[in-house]
Amino acid sequence: MRIAERGNALQSMAPYDGWARLRSTAGELITLGAEVRRWWTLAWADTRFKYRRTTFGPFWITLSMAATVFSVGLVFGTLFGSDLSTYLPYFAIGIIVWTFISQCILEGSLVYVQSAGHIKSTPVPLPLHVYRLLGRQLILLGHNALLPIVLWLMFQWHVDLAALLALLGLAIGVVALFGAILAFSIICTRYRDLHQIISALMSLLFLLTPIIWLPGSVRSPGLDVVVYANPFHYLVEIVRQPLLGTAPDLRLWLTATAIALLSLFAGIAFHARFRHRVVYWL
Amino acid sequence: MHGLAPVVATTRLTLDGVGVDFPLYQTSARSLKRTALRTLVGGVIGASVDSGCTVIQALRGVSLDLRPGDRVALVGHNGAGKTTLLRVLAGIYQPTSGTIDGVGKRAPLFDLQVGFDEEATGYECIQLRGLMLGIDRSVIERKSAEIAAFSELGDYLNLPVRTYSTGMLLRLFFSIATSVEADIILMDEWIGVGDERFLEKANARLQSLIDRAHILVIASHSRPLLSSLCNRGILLDGGRIACDGPLDAIFSAYSTRQSA
Chain A
4 MRIAERGNAL
14 QSMAPYDGWA
24 RLRSTAGELI
34 TLGAEVRRWW
44 TLAWADTRFK
54 YRRTTFGPFW
64 ITLSMAATVF
74 SVGLVFGTLF
84 GSDLSTYLPY
94 FAIGIIVWTF
104 ISQCILEGSL
114 VYVQSAGHIK
124 STPVPLPLHV
134 YRLLGRQLIL
144 LGHNALLPIV
154 LWLMFQWHVD
164 LAALLALLGL
174 AIGVVALFGA
184 ILAFSIICTR
194 YRDLHQIISA
204 LMSLLFLLTP
214 IIWLPGSVRS
224 PGLDVVVYAN
234 PFHYLVEIVR
244 QPLLGTAPDL
254 RLWLTATAIA
264 LLSLFAGIAF
274 HARFRHRVVY
284 WL
Chain B
2 MHGLAPVVAT
12 TRLTLDGVGV
22 DFPLYQTSAR
32 SLKRTALRTL
42 VGGVIGASVD
52 SGCTVIQALR
62 GVSLDLRPGD
72 RVALVGHNGA
82 GKTTLLRVLA
92 GIYQPTSGTI
102 DGVGKRAPLF
112 DLQVGFDEEA
122 TGYECIQLRG
132 LMLGIDRSVI
142 ERKSAEIAAF
152 SELGDYLNLP
162 VRTYSTGMLL
172 RLFFSIATSV
182 EADIILMDEW
192 IGVGDERFLE
202 KANARLQSLI
212 DRAHILVIAS
222 HSRPLLSSLC
232 NRGILLDGGR
242 IACDGPLDAI
252 FSAYSTRQSA
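Taken in order, these protein sequences are the chains called A and B.
In terms of this note's numbering, the first sequence opens at residue 4 and continues consecutively.
In terms of this note's numbering, the second sequence opens at residue 2 and continues consecutively.
If you are wondering where the hints come from, they were derived from the structure by calculation, not from laboratory data.
One or more hints might be untrue.
What the hints assert, rightly or not - Listed below are several chain A residues computed to face chain B (Cβ distance under 7 Å; list not exhaustive): (1) L45; (2) A48; (3) T50; (4) R55; (5) T57; (6) Q117; (7) G120; (8) P126; (9) V127.
It should be emphasised that the depicted structure is a prediction, and the values quoted were computed from it without experimental measurement.
Every residue, glycine too, gets a C-beta built ideally from N, C-alpha and C.
Let the sequences and hints guide you as you build the complete structure.
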């Protein structure tokens, strides 16, 4: 009996261009994405191995996030004179979503560099590494998501079924990040300085995005551009608002969806154009 | 896919005018700064970003046609392009010029130790390797037992591989890599593992894997090995095919070049 191994099937590699290339790339991304078990198991394994020799295992993720939320949350909440029962949940959800976003982008930009050994020895489709990374980040997010639940038990703010919209918000965010990783991973493999620039930018953006502070606190009309021109603001807001009991308005949804589609298209186009060069740049 | 078709007749691998150029970015040339500065000082915009960097032509105009029954020995100096050619054949490098085309499942048997987490147990290594390659879960389960039996690692397979000795690690990786069925086998040097007894067993397993495959391409410097395995030789020199033909002719051509 012959064993069919996907991903190692030999196909014609004659050059082809434009839309055909874009379509075949998108097709490959969909096929690989549908093999959820393949990359999800790899992602779980990565997470388990990382914490294997610790007592708390992956719950260290939750514990260290809890430490940040309570220490930074208490300090800034008190500093701003906010009511802690509303500030702590706001800050916790914001920073958890932000951590997810920034880790996806920071680790995503290095994903091929760090899988260099694999890429140079095994003919495995590149996006598998991207899906694996995304899976890993979703697992981290899942561990961190325990924290808002604990906070809700403490403060019991009003939430209703609309909180489920947060899942839709997260899905939009994942699409946006997937596109961003597809593009950044390639650019950062070619230009090694870029990762440093991006990590500097991300810490800057953390301060400029309403996570520690509230979006409403920017009152000067010129300055609110840091809120409204910041794509990360929308990605955070469509997850945070439903969980805090307010349904995001249509403008937020539309902007976030536009960001996600733009990012996805750019990522696929980039990937289609340069994926075969990646191995040469490693 | 083609369970009933006579696969023997269809396996092939054809390279037509294949060239592989490696851009060599030194730390400075690789950086954005260079590119940005070049643009700022009025360098030719639209010229390739890669312009100005050293290019290593690892392969140039390589054309070859591999058919079922071919047992190909790749010979040549260090840096002649043997490993690069193997990686092109494996589908790892997409040629920068020319085309590669073919039918058949390929098994690259090199860099066996790459990509394993040292915290993973032996069994997990088997499973993860299978997932990486996209092999079905049921097949992985079945292979898992077979690999365990062949590697003779017993209960060690339940321990993290960081606790293994070098020899045990190699045995595991060898057993995993050789558990595949493939039409085209690609090797960079023979892989021998284990103590005297295991080595014999491993050689037999590798030999039978090769016997079942339709095409073998192996790079090696050992003439006795190549003579025993191959029926065709390809001499690479500076990234080009210098000779392609019967093994004896290739060896004598190689010797002439070395003494010249």
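Which numbered hints are broken by the structure, listed smallest first? The structure conflicts with hints 3, 5 and 6, although it agrees with all the remaining ones.
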